[in-house]
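K.L.:
The residues making up each chain are set out below.
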Amino acid sequence: MKPAPFDFIRAESVDDVIAILSHTEDAKILAGGQSLVAMMNMRLARPSTLVTLRGVPGLDAIEEKDGVVTVGAMVVQERLRSMMGHRQEFGALAEGIGYIGHPQTRSMGTVGGSIAHADPSAELPLLLQVYRGSVKTAGPSGVRQIAAEDFFQFPFSTALEPEEIMVATHWPVPIMSSGGSFREFSRRRGDFAIVAVACHISIEHQRLVDGRLGAAGVAGTAVAVDLPADLRGQPLITDEAATHWLETLMPHLDPPDDLEASSVLRRTLVETLGREAMAEAWVRAGGGTT
Amino acid sequence: MSWLGQSVPRFEDGRLINGQGQYIADVMPVPGIQHVAILRSPHAHARIRRIDTSRVTSIAGVTGVITGRDLLTVLAPFPVGVPRPVAYYPIAIDKVRYVGEPVAVVVANTRYVAEDAIDVIEVDYESLPVVSDIEAACQRPPAALHENAPDNVANHREFTYGDPTTALKRSDMLIQERFVYPRNTAMPIETYGVVAYYEQSSGDYTVWANFHGPFTLHSVMAHALKVTTQKLRIKTPQDIGGSYGVKSAVYPYMVLLAATSRLLGCPVKWIEDRLEHMKASSSASARISYVTAGFSRNGRLQAVDIRQYDDVGAYIRAPEPATLYRVHGNLTGAYDVRHIHLENYAVMTNRVPTGLVRGYGGPQLYFPLERIMDIAARQLKMDPAELRRANFIRQNQFPYRTASGGIYDSGDYGAVLDTALEASGYEDFKEQARNRQDSGPLRLGIGMAAVVEPSGSNMGYVTIAYTPEERARQLPKSGAVSAATVAIDALGGITVQIDTAPEGQGHETVVRQIVADVLTVPMESIRVIAEMDTAITPWSISSGSYSSRFAAAGANAVFSAAQRVKSKLLSLAARQLGVDSQTLRFEEGRVWRAQGATDLTVKRLAGLTHWNPAELPSGISPGVYETSYFSLPNAGPPTAEDSINSSATYGFLVDVAKVAVNTETGQITVLDYVTVHDAGQLLNPLLADGQIHGGLAFGLGSALYEELRYDEEGQLVTGSLMDYLVPTASEIPESLTVLHHHTKAPGIPLGAKGLGEGNVMSAGAAIANAVSNALGVEIFSLPLSPRAVIESVLKKEGRG
Amino acid sequence: MIRYEKDQRVPVTLTVNGREYRQWIEPRLLLSDFLRDELGLTGTHVGCEHGVCGACTILLNGSPARSCLKLAIDVDDGQITTIEGLARDEEFDALRQAFSENHALQCGFCTPGIMLSVAVALKHTSESDPVDWDDVLSGHLCRCTGYVGIRRAIKALQAKEGGEAKA
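Residue numbers (our numbering), protein chains in the order written: chain G, 1001 to 1290; chain F, 4 to 803; chain Y, 11 to 177.
I should point out that these hints are in silico values taken from the structure, not numbers from a laboratory. One thing to keep in mind: the hints can contain errors.
Claimed, not checked - Computed Cβ-Cβ distance ranges for the label pairs, DEER-style:
hint: 1; chain 1: Y; residue 1: Trp34; chain 2: F; residue 2: Pro86; range: 55 to 61 Å
hint: 2; chain 1: G; residue 1: Met1176; chain 2: Y; residue 2: Gly72; range: 57 to 63 Å
hint: 3; chain 1: F; residue 1: Gly17; chain 2: G; residue 2: His1252; range: 55 to 61 Å
hint: 4; chain 1: Y; residue 1: Trp34; chain 2: G; residue 2: Asp1015; range: 47 to 53 Å
hint: 5; chain 1: G; residue 1: Gly1220; chain 2: Y; residue 2: Asn71; range: 52 to 58 Å
hint: 6; chain 1: G; residue 1: Asp1015; chain 2: F; residue 2: Glu715; range: 47 to 53 Å
hint: 7; chain 1: Y; residue 1: Gly28; chain 2: F; residue 2: Pro636; range: 34 to 40 Å
hint: 8; chain 1: F; residue 1: Gly443; chain 2: Y; residue 2: Gly50; range: 37 to 43 Å
hint: 9; chain 1: G; residue 1: Ile1062; chain 2: F; residue 2: Val183; range: 51 to 57 Å
hint: 10; chain 1: G; residue 1: Lys1065; chain 2: Y; residue 2: Gly28; range: 37 to 43 Å
hint: 11; chain 1: Y; residue 1: Lys165; chain 2: F; residue 2: Gly17; range: 21 to 27 Å
As the list claims (entries may be wrong) - Stretch by stretch, here's where chain Y covers chain G in the computed footprint (C-beta under 8 Å, at least three residues):
hint: 12; segment: 1101-1109
hint: 13; segment: 1184-1193
Beta carbons are placed, not taken as given, at the ideal position from N, Cα and C, and that holds for glycine.
Using the sequences plus the hints, can you model the full thing?
P.N.:
Structure (structure tokens):
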């Protein structure tokens, strides 16, 4: 299990990377390497050229401006998790990142790497969808901003063009009175999710004003839906409301049937975890029980 | 002060926690070592039409490449103990029979280059029908793996003890069920590793490997290399990174590397990678069992009829079919049953050959047997604990001769059960679980398993794969031997050499405890050499680490050798002092007589034998170097009636598991686990508990997570550590209680029985029984994945 | 940008256990193999080479990392601690003692990685931000101990630290 040979490039700017991607066949970007190097060790990935982003300035910054958190593509998952740990309005974010692998891989695995990898059962693509985030890319024809919903296309496939690089993700900051919850079902701690569910809720005066509910592991990409319009202004999440919201999510599911779980079980899990996540998000947003 | 029986922390730890362990990957024992990568078959069953290796040598750094055909010049097939062996080589010859089977060996200056080189080998395969289903393989074979076994059966035997036909006929209730035990494996974190060197001038092979026996396989390897045994020297590194049995099957690679070294003229090293290990090392045998059990109205088990089909993989490989026979003497576990009918099939399929995995043969037997007891209890409306108790061999029946020839040396099964029930709060929880039914998706359940744990395998048991008539034409095999040497140098330094090839069990520490006690010296004055070297370590065919044999066999060999040293030194002291040696004793490393201490010390006495041998009294030889071969009692060869005491001693354990099962998600949570063991006297309770914890983690893994799953094409679909689910810390319940009884092993000097495998045999059944109890559905296969649980629930609801 | 050909030897400088090493390596050399084969630091064990087992865990710039998932060339200028470095550090005497006394290791193959993860987690734990030990340990597979001894060792260490903090 040793990687096949490759040329190695230390890029020093985003333009470097674009130039390499535009002119080199089978070039791959190396971020944290937590998935790519494993694939290379198995020789399932054999890039002709590996471009490390380590020397590209600016990709490891986290900035907050005009109500948007910009997370550089090279920010490691553990760093985002610890920064977001106390941000109630991003309640599901730190919690969800905590389900990615293990501390020993989150310390090296990057936010950008995970999102670009677009594993349909991964946590960060789901979280980006739930927080209505977007992806900032750079390519020969300039910079693009792609909404999460448009970015993830198929399993392990995104809207990123071959000569484009993802430089950051944008996370709009929800209003303060928001709460979120993340639930995951996996065989072992730290495994890829069989099903993961994230819920984000914003409330004002004990009434729902906004929300997102999403799931991973149940379709070709993570999927998420808005709070149904008729639940807006409702005082709390009731069983019926939860059912209603879940019903709007269900048509987006196309759950796989595999060794770990049947598609029926996956649907059940979305329901079970979804209800738990909604209830918890409500409480975390400051919603009362009356 | 006596060290035996104390929880002494390990001497091994010092090097291991400081990164100074020396494992096979760390050592370069000869200069000029080149590195090996192995091209493996992508097909489960195919004919090799052509292998084109022409592009390999164009890669810089490559020494050479070898295929099966090349190796035929220096290899013979491995011998195996069945009447109808198949031709098994460590590399495919003309045909591949499992995914991952070696097809070509490349040698290069680094592993990286060797892997590049295997990429450019082209093999033309003609695919053949794949044999995957165990029963179909022998009943409606889609293909024959080997020409001389058209039904793919490598071994078939039938046994009758007592009068099972009549006993079953007279039973009030018959339970008849089919059980499936999956393929799973040991998955040590260190993979296989081999360094081999063929000395062209002498024709001698030296092979370093993380191999731990049984050393009877030394003769198998020598035979395959077509050399006399002294020409094959096997050495083990100081440390082995776990095995749990599976590294006994590194031996085909030892032969492969040895032959490669010979053909290419350089020493070679191969460190198996994880994907190779998962695909192509070894695994436990999967088993399908048909069990008929006859019970009387009051719950007495009258007779059992067992038909078992073992999937032994693509080649019957020594020591298989031993999975079928290791527990032959304890077929009915803890129960007093005189009538048994047994039919065994070892079936070959297009999967990796099987071999030792912790528990060897135990879980395959006890999962059905202990499930049957619960099924019977439910049907008879008896408590499962009380049904078991009613059938236990009673304390006054020991030593107990089982129907199939086992000699259970000692035990108090009822007392162990009592302790387990009390520690688990059995009655209370049963009540709690009952009250919980029908309130939400969460169900509670409690289940148990009672297991007679064999240890110290009798080398004769494997020959029961032959009929008595076939055996009569061979020389008999028997025994469970271990050897040890205790030596004292000229200044009193004590060195002990052992043949137990440990891989983490702590033998070096326990050996110190034993020798320190016998010679009354500090443990620090003793050095233990656990590395095996078949050229210099005293050993026998049964040497090695397997069948939980250290406590029963190895420890007593050390004890015996230490006693000989003591006896020699006391004889010398007696002659020096002019007294009878019976009046002398050792204390604090010094000779004492009734009046008190003398000035003779262990150091002084040993020194006399080295520094002044000319003046030793007659009958006292120079030097102190005592080797003892210890043989466990009651390990005779099988009789003409197929009666065999397959193990030298038998411990006992009862497990009680409490689970919560979510009927919506299929999630099983182990709330609490109690395991009560009786392994006789414990030599070191800290280490004994460590063995139990490890065995239990294995058992829980097999119950809930672990399975090597293959698709119909014979491809392994759980081929990485992401898919083959080894439990992590989170999957092992924190509420875990280990308790002990101490019924001495009567025929064994130190009184200890083996342990560490019992929970692999019990946990699958205990968890399945608990889940059955929670759901009110019978469980017939493992592991209990969420998917399997949901399917059981649906079946119960008539929706499956 | 700097480009290296696949079979070119590239100079890298790494500080390992406080000592600076400058070596010439192939771009594809894994950090695990660099430490073991180039520097002879065989205390870092290789168990799976796909990032699951955790045996090869080292500290890279203070954070635990799988050395089998890092290219040596890509951690140029990095600070690395392996078990050999931890072994020289008296600060971790208590950790070693707790592992031995609680029988937290048997074959010892997974142990160096686990000790490094535990060491770094102990450093970062505090009353307000306690370590999730299940999370830390889930990054390591141990096949010998059932993790019982490991948990006990951690508990013993925390009890000791708690005691010292109060004292």
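K.L.:
If a hint holds in the structure, say so; if it does not, say that too.
P.N.:
Here's how the hints hold up against the structure:
1. Y:Trp34 with F:Pro86: 55 to 61 Å: holds, 60 Å
2. G:Met1176 with Y:Gly72: 57 to 63 Å: violated, 34 Å
3. F:Gly17 with G:His1252: 55 to 61 Å: holds, 58 Å
4. Y:Trp34 with G:Asp1015: 47 to 53 Å: violated, 30 Å
5. G:Gly1220 with Y:Asn71: 52 to 58 Å: The hint (52 to 58 Å, Cβ to Cβ) is violated, given that Gly1220 (chain G) and Asn71 (chain Y) are roughly 37 Å apart.
6. G:Asp1015 with F:Glu715: 47 to 53 Å: Hint holds: Cβ distance 51 Å, inside 47 to 53 Å.
7. Y:Gly28 with F:Pro636: 34 to 40 Å: Cβ of Gly28 (chain Y) to Cβ of Pro636 (chain F): about 57 Å, so the range 34 to 40 Å is violated.
8. F:Gly443 with Y:Gly50: 37 to 43 Å: violated, 59 Å
9. G:Ile1062 with F:Val183: 51 to 57 Å: holds, 52 Å
10. G:Lys1065 with Y:Gly28: 37 to 43 Å: Check passed, 40 Å falls within 37 to 43 Å.
11. Y:Lys165 with F:Gly17: 21 to 27 Å: At 22 Å between Cβs, range holds.
12. 1101-1109: Since 7 is at least three, the answer is holds.
13. 1184-1193: holds (count 3)
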